[in-house]
Each structure stands twice: as structure tokens, then as C-alpha cells.
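2 protein chains.
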Amino acid sequence: CLAYRLLLPKQAQPGVSRASQGRRQLLSRASVAALSVGAGAGTLGLVRGYLTNYTSYDGTKTYSRNNITSPITPNNEHYVVTQNVVDPAPNTDLWRLEVTGLVNTPGTYTYAEVQKLPSTSRAITLECIANGTGDHLLSTAIWQGVTLRTLLEHHGGPQAGARYAAFYSVDGYNVSLPLDELLALDALLAWRMNGAELPQRHGFPMRVLAPGHYGEENPKWLTRVELTDHFVGGLYSDQGWYNGPLHTISRIDRPRGHVPFGQAIEVGGIAFAGNRGIQKVEVSADKGLTWHQATLQPPLSQDSWVLWTWQWSPALPGAYQLTCRATDGTGETQTSHMQGTVPKGATGYHVVNTQVG
Amino acid sequence: CLAYRLLLPKQAQPGVSRASQGRRQLLSRASVAALSVGAGAGTLGLVRGYLTNYTSYDGTKTYSRNNITSPITPNNEHYVVTQNVVDPAPNTDLWRLEVTGLVNTPGTYTYAEVQKLPSTSRAITLECIANGTGDHLLSTAIWQGVTLRTLLEHHGGPQAGARYAAFYSVDGYNVSLPLDELLALDALLAWRMNGAELPQRHGFPMRVLAPGHYGEENPKWLTRVELTDHFVGGLYSDQGWYNGPLHTISRIDRPRGHVPFGQAIEVGGIAFAGNRGIQKVEVSADKGLTWHQATLQPPLSQDSWVLWTWQWSPALPGAYQLTCRATDGTGETQTSHMQGTVPKGATGYHVVNTQVG
Numbered sequence: 001c002l003a004y005r006l007l008l009p010k011q012a013q014p015g016v017s018r019a020s021q022g023r024r025q026l027l028s029r030a031s032v033a034a035l036s037v038g039a040g041a042g043t044l045g046l047v048r049g050y051l052t053n054y055t056s057y058d059g060t061k062t063y064s065r066n067n068i069t070s071p072i073t074p075n076n077e078h079y080v081v082t083q084n085v086v087d088p089a090p091n092t093d094l095w096r097l098e099v100t101g102l103v104n105t106p107g108t109y110t111y112a113e114v115q116k117l118p119s120t121s122r123a124i125t126l127e128c129i130a131n132g133t134g135d136h137l138l139s140t141a142i143w144q145g146v147t148l149r150t151l152l153e154h155h156g157g158p159q160a161g162a163r164y165a166a167f168y169s170v171d172g173y174n175v176s177l178p179l180d181e182l183l184a185l186d187a188l189l190a191w192r193m194n195g196a197e198l199p200q201r202h203g204f205p206m207r208v209l210a211p212g213h214y215g216e217e218n219p220k221w222l223t224r225v226e227l228t229d230h231f232v233g234g235l236y237s238d239q240g241w242y243n244g245p246l247h248t249i250s251r252i253d254r255p256r257g258h259v260p261f262g263q264a265i266e267v268g269g270i271a272f273a274g275n276r277g278i279q280k281v282e283v284s285a286d287k288g289l290t291w292h293q294a295t296l297q298p299p300l301s302q303d304s305w306v307l308w309t310w311q312w313s314p315a316l317p318g319a320y321q322l323t324c325r326a327t328d329g330t331g332e333t334q335t336s337h338m339q340g341t342v343p344k345g346a347t348g349y350h351v352v353n354t355q356v357g
Numbered sequence: 001c002l003a004y005r006l007l008l009p010k011q012a013q014p015g016v017s018r019a020s021q022g023r024r025q026l027l028s029r030a031s032v033a034a035l036s037v038g039a040g041a042g043t044l045g046l047v048r049g050y051l052t053n054y055t056s057y058d059g060t061k062t063y064s065r066n067n068i069t070s071p072i073t074p075n076n077e078h079y080v081v082t083q084n085v086v087d088p089a090p091n092t093d094l095w096r097l098e099v100t101g102l103v104n105t106p107g108t109y110t111y112a113e114v115q116k117l118p119s120t121s122r123a124i125t126l127e128c129i130a131n132g133t134g135d136h137l138l139s140t141a142i143w144q145g146v147t148l149r150t151l152l153e154h155h156g157g158p159q160a161g162a163r164y165a166a167f168y169s170v171d172g173y174n175v176s177l178p179l180d181e182l183l184a185l186d187a188l189l190a191w192r193m194n195g196a197e198l199p200q201r202h203g204f205p206m207r208v209l210a211p212g213h214y215g216e217e218n219p220k221w222l223t224r225v226e227l228t229d230h231f232v233g234g235l236y237s238d239q240g241w242y243n244g245p246l247h248t249i250s251r252i253d254r255p256r257g258h259v260p261f262g263q264a265i266e267v268g269g270i271a272f273a274g275n276r277g278i279q280k281v282e283v284s285a286d287k288g289l290t291w292h293q294a295t296l297q298p299p300l301s302q303d304s305w306v307l308w309t310w311q312w313s314p315a316l317p318g319a320y321q322l323t324c325r326a327t328d329g330t331g332e333t334q335t336s337h338m339q340g341t342v343p344k345g346a347t348g349y350h351v352v353n354t355q356v357g
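Chains as they are written, first to last, in this note's numbering: chain A, 1 to 357; chain B, 1 to 357.
In short, the hints are calculated from the structure, not lab data. Possibly wrong hints are sitting among the right ones.
[Said to hold, decoys possible] Quick partial rundown of chain A residues pointing at chain B, CB under 8 Å, derived from the structure:
hint	residue
1	62
2	65
3	66
4	68
5	70
6	71
7	74
8	115
9	116
10	118
11	119
12	120
13	258
14	262
15	265
16	301
Yeah, the Cβ is synthetic: ideal placement off N, Cα and C, and Gly gets one too.
Given only the sequences and the hints, what does the whole structure look like? Please build it.
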């Protein structure tokens, strides 16, 4: 259990004093940890100890059944990563969604009122920034909710000068993203996941989906949307984690282990490039000397991973290395440069060893 | 290509004259067939010929990849059955949803107005009444739309005396179902399917989901909801097709063919009982002498199929017959009575032959 998020020194953000950042973070973390260790100023040392030992980016991963990845991941198999020792379980009698800051007519909603907002649904793939090459900290669900654009229209739209949206969660977690970008990628505030009520560990009663951004910028347990004229910071970005557009990745799910010689072998997996889409996936069975174009399944949305297959007929038995690479919708091919997850998100080709015959 | 729907004599419905039924059906069919063969009274004989030869319950089936059925079927793999030679492709500039009849404040909606209705999403499995035992004319999707209950509330609710809801489609198709039952099963009028705009062949711009009823009572291309004090009839029910609650079924998806001896064999498949849910699935490897309880995956909703598995370790190599049976949420086990699809829906156990070793 690695405490990735505490590995990095905090970085100051323009316009925000380090002192106020530190205080806010500590208070917000304390309010969560207090659930399990008791509240009060005297316990802060203990709280810090708890967080260092028990919070991490290690998440519950999603493995595909029989090495076939399903276009949609069922809720109980969707990967989970959390910053909390104990996740919040908001009481919907008390919970409110607040829309505030540089918006023309601020307001709040009860959970019942949220259900009456015009909503839409979309398949969106989430990937954790700690998802290593070929790893399984990513999943796809169909999220139903109100788009940020529609919500803001209900409040008379942003005021002149609104440049960022800051999202605040019940557990004190916060994220700040450029408003223009959120509107362009049609960010969603969702209360249903794969046709069911949002599960507690996925952010009940409401969460943010910011397609094209790593999971950490898709906060759960949302309680406040605030339009601001400056970058407010966020738990992970404050610590120096990369928060740009996610990297293009591809993964080989099958074959695994030993495969008989003399029959066509289906090579298959997934590719993902956030909201940029996938244009092409190629597979090499000779360590990158030659590349073969895979067949892509139509994705469920622009923001969803793409499933791919390639029929391989090796000429001889032997030990092989299979490698794949994806090209995103802008025509850019994923980099072969190997880079670990900390602090910028993993890059590099996924390689799988296979014995044929 | 079998024209099942024309195999049966039409049956008179109480309160509706046979003459008016016949005329309505013929006109509605003609209006569709006219798309491909030209309109006019003189072409009716030709139209009938077309329908007899080219319309049927044969549909596009959904097979599971690698014998693993996915909890959710992607839109392009969802089974399709249609009554039409050419399916309608409504123009949303002209299309309207009309809410009329015994409702307190009738009204209409444009496609843009429909999007603004409060909506919900739910996994619902659809099964064609022509789905044979162990067959693949059933699929599951997440449907987003307004519930009939919420829609009627927007119109001041039903008037005293409203006992049925009749659904009319762009292609002249119609269905009539008891209002109480539709409200109890929380029928949905949907405009999104698995997070995407409803595809044309699945009823764009709007379709009905009546959980627990065979696909034919879940009309596509909806354009009018009318509350009535009597049963209005419907294209298939008028012809004598069964229209009660769908039968409990179960299917074995794997293993297939020859399986090596000496290792545990995963037996798996699906079970479905409409909105009654599945309580138990059992598998027999000795023609029903002994039954073993399968492990059920949690279903995505009460209206969704259930995926099941059973780990089988046969004591000896040899030829086996695997059989499964499901028990629905009310405690009733599916009948072993073999019955074909026409006209009451198939029943009976699914049997699969397997050679071990």
C-alpha cells in the first residue's frame, strides 16, 4: 500500500498563499479521518499518521473475464481509487448541491430536485493517473446526469470574468479546471451509473465526469460547483501531480501464456486516448520491426475506450513478444518512451510474452 | 425467413369491430410498405404480398463473444426484430410525442422538449416472443427516458376511467396495455440507449420499455400515448399471439464442444424472468437426476437478466448432457414443458451436449 500522494512536495499555485493551502488541506483531511479516529486538534498528528499509512493510489482493479474486456464495466467491477480512510456516505436529507460564485443566479438543489434536471447519458472511460502500462485501473460506465453547460444555463450562465470551475466534495476534496475546457468536453455531473443509483464508493449522490482527464479530476461526492476568476488548486495538483490531458494508451488482453501452433490466434485488447478518440491500433509480433493494423470496434462514445482485435497466424512455433500502439483521433501515435506513473502518468508500449506451440 | 406474424388468424377483441381492426391494420401496414413499393389503393395486393414474403419474426441475433455473455449488449449487437419492410426514419423537425386521451391536460413535445423532461436510466433486458429455448433473441441495454408515471404527472395525471395506455408508432404499429400494470412495472419512454442517441433501428427518436413483456409490447418509433377506457388491441395481440408476462428462461452459454478431462470446467450462462427477477439457477450434468446450485452475479436491475456460473468437475471422461433451470423471484421454477415459440412463447429446459476428455 503505497502513499503515492504524499511522495511529492506541495507546489505553490499562483494567487494562493501556501499557508492557506496547507490549512485548507489539513482541515479537509482531518474532517474525513475524524470519522474513524475521533475529532479535535490534539489528534492531528494521529490523523497525519493514518493518512500516510492508509491512503494511497492503490485501487481496486478491474480484470477482464476470460481476457475479454467488456465494452461496459458493471458497477461492482469498476475500478475504485480513493483518498479517504473512510469514504463519506452522505445523508440525502441533508446533502445539497450548491451552484455558486461567478454565476448569474446562484442556487441549491436537494437530491430530489437534482432528479428533475434535464439529463443525458454517455459512456465515459475513467483512468487513474496511477494506471501503469498494461494495467487495469481503468473502466467504462454509462453515466447519467446534467451537463455543466445545462446546469449553468439554469443559473443564467457564467458572469463575465468566470474562468474556472471549482468542484468541492463532501470529503473536502477539491478540483479546479478551466471553464472553457469543461464546456468544450461537455463535463457531466452524474447521479446514475450504468442505469443504477450512483454507488456510495463511486460518489453518491453526485460526481463529476471530466472526459479526457485522469480520474483524480473527476471528483466524487460533489456538493458545490463554484465559478471563479482564478485557479483554486486541488488536492493532487497542489502536490505536483500532472493534470494535463491524459496520455494515449493501449493494452493487450489476450493471448495469455501458451498458445497452440497451427491455428489463427486472436490478439485483442483496448486503447484509450480520453476525449481524443482512437484512430488506429497496430500490433507487432517481432518487437516493432513490422506492424499490423488491428480491427477496431465502434466505441460507445467519443469519450470511451476502443476494443480491438488482430488475427495472428505465426509462421513458426516459438517464443514471441507482442506489442501494441494506438494512434489518437488527432493522428498522434502514443509514445514508446517508458515513463512510470509518478507524477505524470505512465507512457510506453505494452509488451506481452507468448509461447506458440 | 418465416412470416410468423401472418400464420395465425386474427382474433376479435371485445369492443372493437373486426372491420375497423382490419382496416386500421391494412392502412397502417400499407403506409409503411408504401415506402418501398409505392402508395395507392391499387397496390394493396402487392403490399400484402410483400409483407407475407419479407416481414417476419426472424431477427438479428446476439451471440456472446467467446461464450461469455456481457451484462450489457452494445447497441450494434443488440438483437433486432421488426415488422417493417423498411423501418421508419422520423425527421425530428416534424416528429412529435403526443400525450392524449383520458389525461387531464393533453399536450405534445418536440424532440428538443423531450430532452428536458426529468429522466432516469435503467438496465432492461428485452426478449423477443420468438426467442426459442437456448436462443439469442434477447439482449440487455441501459435505457434513459421519462417514466410513464412522471410523464402523466406532467399532464395532471390520468382521468377517472383511464384503464389502458395505447402506444402508437410512426409506422402504424400499436400496443394497448393495462395502465395499472404499466405504472407498477415503471414503464419507460426512452430516447437514449447505452448512453447514445437511440439508434434508428431501435426506435429513434423514442421507444417504449415495458419490463416483463416480450419485445413486441415495447414499441419503437413512438409518437402517441393515449389513455383509454378499453383495450384497443395491437398488431400481434389481434392475431392471437400471447401477451401475458414472459416465461422464465435460462441458457447455457459454455462450455461448447470438446473439453479436456482433469480440470474444473466453468459452466455459465444467463437466466431471465422479466421483472420478476431470478432467485436461483441450477445445473444438472446427469439429465436432471441431481441439480447443483450456480453462483449468480448481481443483476444490473430487477428488469435485467442474471449471469450465472457453476464450477463442474466431472468424475469421469465421457459424453455429458448439461441442463439448467431457473427459479424466478416469486419462487416459481421454470417449467420443463417443451413448447415452441408460436404463439405463446417458448418454454422448456435448455440442453447442451459436451464431450469431456
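Status of the hints after comparison with the structure:
The interface hint given for residue 62(A) is violated, since its Cβ lies 13 Å from the closest Cβ of chain B, which is over the 8 Å cut-off. With 8 Å as the threshold, the beta carbon of residue 65(A) comes within range of chain B, its nearest partner Cβ sitting at about 6 Å, so the hint holds. A cut of 8 Å between beta carbons decides the hint on residue 66(A): the least distance to chain B is about 5 Å, and the hint holds. For the restraint placing residue 68(A) at the interface with chain B, the shortest Cβ-Cβ distance is roughly 5 Å, inside the 8 Å limit, so the hint holds.
Interface hint at residue 70(A): satisfied, since its Cβ lies 5 Å from the closest Cβ of chain B, which is below the 8 Å cut-off. Interface hint at residue 71(A): satisfied, since its Cβ lies 5 Å from the closest Cβ of chain B, which is below the 8 Å cut-off. The interface hint given for residue 74(A) is met, as the beta carbon of that residue sits about 5 Å from the closest beta carbon of chain B, less than 8 Å. Among the interface hints, the one on residue 115(A) holds; its C-beta lies about 6 Å from the nearest C-beta in chain B, closer than the 8 Å criterion.
About 4 Å separates the beta-carbon of residue 116(A) from the nearest beta-carbon of chain B, less than 8 Å, and the hint is met. With its C-beta approaching chain B no nearer than about 4 Å, residue 118(A) sits inside the 8 Å limit, and its interface hint holds. Look at residue 119(A): its Cβ gets to within about 5 Å of chain B, closer than 8 Å, so that hint holds up. A distance limit of 8 Å between C-beta atoms decides the matter here; for residue 120(A) the minimum to chain B is near 7 Å, and the interface restraint holds.
About 14 Å separates the beta-carbon of residue 258(A) from the nearest beta-carbon of chain B, more than 8 Å, and the hint is not met. Annotation: residue 262(A) was flagged as interfacial toward chain B, and the flag is violated, the nearest CB pair being 17 Å apart, outside 8 Å. Given hint, residue 265(A) at the interface with chain B, is violated; its Cβ is 13 Å from that chain's nearest Cβ, farther than 8 Å. With a cut of 8 Å, the hint placing residue 301(A) at the interface with chain B holds, because the nearest CB-to-CB distance is about 6 Å.
Of the numbered hints stated above, those contradicted by the structure are hints 1, 13, 14 and 15, listed in ascending order.
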